[in-house]
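Undergrad: So the sequence lines, in the order shown, correspond to chains U and R.
Residue numbers for the first sequence follow the working numbering, beginning at 1 and rising by one.
Residue numbers for the second sequence follow the working numbering, beginning at 332 and rising by one.
In short, the hints are calculated from the structure, not lab data.
C-beta atoms are modelled at their ideal positions from N, C-alpha and C, and glycine is treated no differently.
Mixed in with the good hints there might be a few duds.
As the list claims (entries may be wrong) - Ranges between beta-carbon positions, derived for each pair:
no., chain 1, residue 1, chain 2, residue 2, range
1, U, A40, R, R478, 37 to 47 Å
2, U, Y149, R, S336, 16 to 26 Å
3, U, R302, R, R625, 53 to 63 Å
4, U, E114, R, H472, 51 to 61 Å
5, U, T265, R, T333, 28 to 38 Å
6, U, Y278, R, D481, 13 to 23 Å
7, R, R625, U, P87, 44 to 54 Å
8, R, R414, U, P85, 53 to 63 Å
9, R, R625, U, A266, 34 to 44 Å
10, R, T438, U, L24, 20 to 30 Å
11, R, A644, U, M106, 49 to 59 Å
12, U, T265, R, S336, 44 to 54 Å
13, R, H472, U, R17, 30 to 40 Å
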Amino acid sequence: MSLLELKDVSRSFWTPRSLVDIALGRSPAVLRAVHRVDLAVAEGETLGIVGESGCGKSTLARLAVGLQAPDGGTVLFEGRPMSGPDPAGRIQMVFQDPYSSLNPRMTIGALLEEVVGRYHRELSRRERQAEVREALARVGLPAETAAKYPHALSGGQRQRVSIARALCPRPRILVADEPVSALDASVQAQIINLLQRLSRETGITILFISHDMQVVRHLCDRVAVMYLGKVMEVAPVEALFDHPRHPYTAGLMDAVPDVTRRRGTARQPVSGEMPDPYAEIRGCRFASRCRFAEARCAEPQRLTETAPGGLVRCWKAADATLPFSGGKTLT
Amino acid sequence: MTLLSVQDLVTEFAGPSGTARAVDGVSFDIQPGEIFGIVGESGCGKSATCRSILRLFGGADARIAGGSIRLDGAGDLAAMPERALGHIRGRDVAFIFQDPLTALNPTMRVGRQIAEVIKRHRRVSWREARAMALQLLRDVHVTSPERRLDAWPHELSGGLRQRIVIAMALALQPRLIIADEPTTALDVTVQDQILRLLMERRAASGTAIILVTHDLGVVSEVCDRVAVMYGGRFVETGTTAEVLDRPRHPYTRALLAALPSRAMRGQPLTPIEGTPPSLTAPPPGCRFAPRCPRAEDVCSAGPPPPLMAHEAAAPRHLDACLLEGMR
């Protein structure tokens with residue numbers, strides 16, 4: 001059974017109407033940030049969600065934690081529908097920016113103790129402090145860190161603290177929204193190693209949201225690729241990177257600058273820009289930028305299984321002769 | 332002929348905790364038409380280096396405290412009065428910022444902004460300037476350029492805005508474009524398009540480009556030569572292939588080793604332990620020595636080691652590792 005399951009989940013946002021709009025009877029513009037997404041997260045796996053800005057990956061993260069309620073479909077945790085954040089704190093979130101997500105006026109110890117106290121009222125002060133020490137140790141920070149304020153820590157240390165805070169209620173799922181994007185490469189490596197170690201040693205389930213394909217390839221077991229509020233492809237990490245089935249996945253990979261690739265290497269990255277997210281698109285959402293688009297792409301596309309564990313939202317993906325470059329086929 | 336020659340550049344920023352030497356003795360040459368990358372992590376001084384060339388410090392209390400910046404035919408920019416430098420900016424050397432929205436005037440239509448840049452340096456009518464702006468939008472592949480001339484910056488996507496900024500940079504056919512993290516705020520697919528555009532314009536007009544980035548992948552796919560910067564100093568320079576395929580300085584090696592790569596999937600990465608040096612009170616000797624896995628006692632004494640060639644076969648592949656020179 002899946003630990004967390006999104007069933008036909010949608011979330012839209014409405015732009016506020018001006019008085020003129022109301023007077024003219026215009027209906028508000030609807031942005032379908034997440035549109036009828038089905039996604040199951042298995043116990044113990046690290047599932048990556050990738051896509052460009054505006055694809056809905058951060059909204060998906062908030063839906064998974066219960067910080068945002070879906071306006072369609074259900075989010076199931078341990079098989080039961082969720083309504084709001086889990087009261088026992090079993091699903092925790094790590095945010096992108098470790099500078100703005102920690103209260104600057106609290107010591108790290110006080111900050112973490114507060115979180116422990118919220119979920120475990122029965123614990124004495126001493127027991128809470130022991131929990132804090134353990135959480136710090138689990139993220140590789142010395143016990144003295146508890147006495148420090150956030151400003152005295154480096155970016156990497158702060159992100160460790162954010163992870164320690166998320167671990168305090170002993171969650172089963174960690175939802176990390178771009179946790180390494182604000183960090184330099186040398187520090188990023190520490191946090192990636194930490195997440196990998198946590199996954200291995202504690203078996204915690206991780207939902208890893210990122211725009212960085214290289215990091216996702218390194219860390220995740222399975223990957224979902226999102227575009228304009230929809231999941232376009234889901235596959236085990238090796239299969240996705242070696243044989244991308246959706247043209248968007250392939251084009252996205254080809255756009256990633258790679259230190260092993262030199263100028264002039266044949267590539268076929270996605271061209272153009274994302275269409276207006278407010279526009280209603282009936283067919284394939286990627287068709288306007290797709291090199292392989294045909295008339296049939298104007299019809300709605302379904303997520304279908306093409307390989308074991310692999311789902312693709314493209315009727316052409318069944319055709320194995322398509323020259324989707326991606327990954328290593330062209331380079 | 333060398334287009335730009337920077338020698339022993341020192342740039343200082345005044346701050347509450349003392350004076351920080353963000354750039355401490357940096358030297359490099361740019362040839363016409365070449366793309367030169369400056370790569371490093373936050374706070375290494377890469378942005379301060381390129382901003383020093385045009386003294387674009389954005390209100391920060393900064394000054395060039397030493398060295399020279401010679402632009403072919405224009406003399407030493409570092410010694411030039413502000414007013415004279417104003418004639419160089421845009422005309423000979425153009426600058427592209429990371430965030431296109433702050434580089435554009437939000438209260439002026441796009442076409443007018445480009446025309447204004449042209450009018451400031453050339454004697455043309457508004458009508459002519461507007462026609463030139465239209466051609467520039469075509470050059471940077473803006474779709475339906477006639478319509479975009481009358482657009483406001485906020486109506487455009489991030490990618491389109493950066494194309495407009497590049498059109499403005501190209502307006503006066505500068506000999507050098509300095510691009511400070513021009514694609515960091517953009518999605519990878521748009522980043523790829525903008526980088527291709529820069530390379531295409533370089534090929535079409537022969538403009539040299541200094542590209543400042545934190546992304547070694549971008550360097551690999553775009554630059555002819557590259558300098559790796561750490562703690563206010565260049566620690567290694569050479570052709571892109573020399574530096575990325577045969578890195579010699581321990582910092583360059585460490586930076587490459589920290590990247591996730593396809594071969595290492597599932598294996599732990601190799602982070603760089605420790606923190607970058609203070610620029611107000613840098614450590615003696617090599618600035619990377621306190622974090623360097625190979626460091627010996629000699630590395631932490633005396634002045635920071637200079638860039639040197641260590642191989643007869645690669646006379647322009649320079650590095651600043653003392654141990655490399657003693658081997």
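Undergrad: Determine which of the earlier numbered hints do not hold for this structure and return their numbers in increasing order.
TA: 2 and 12
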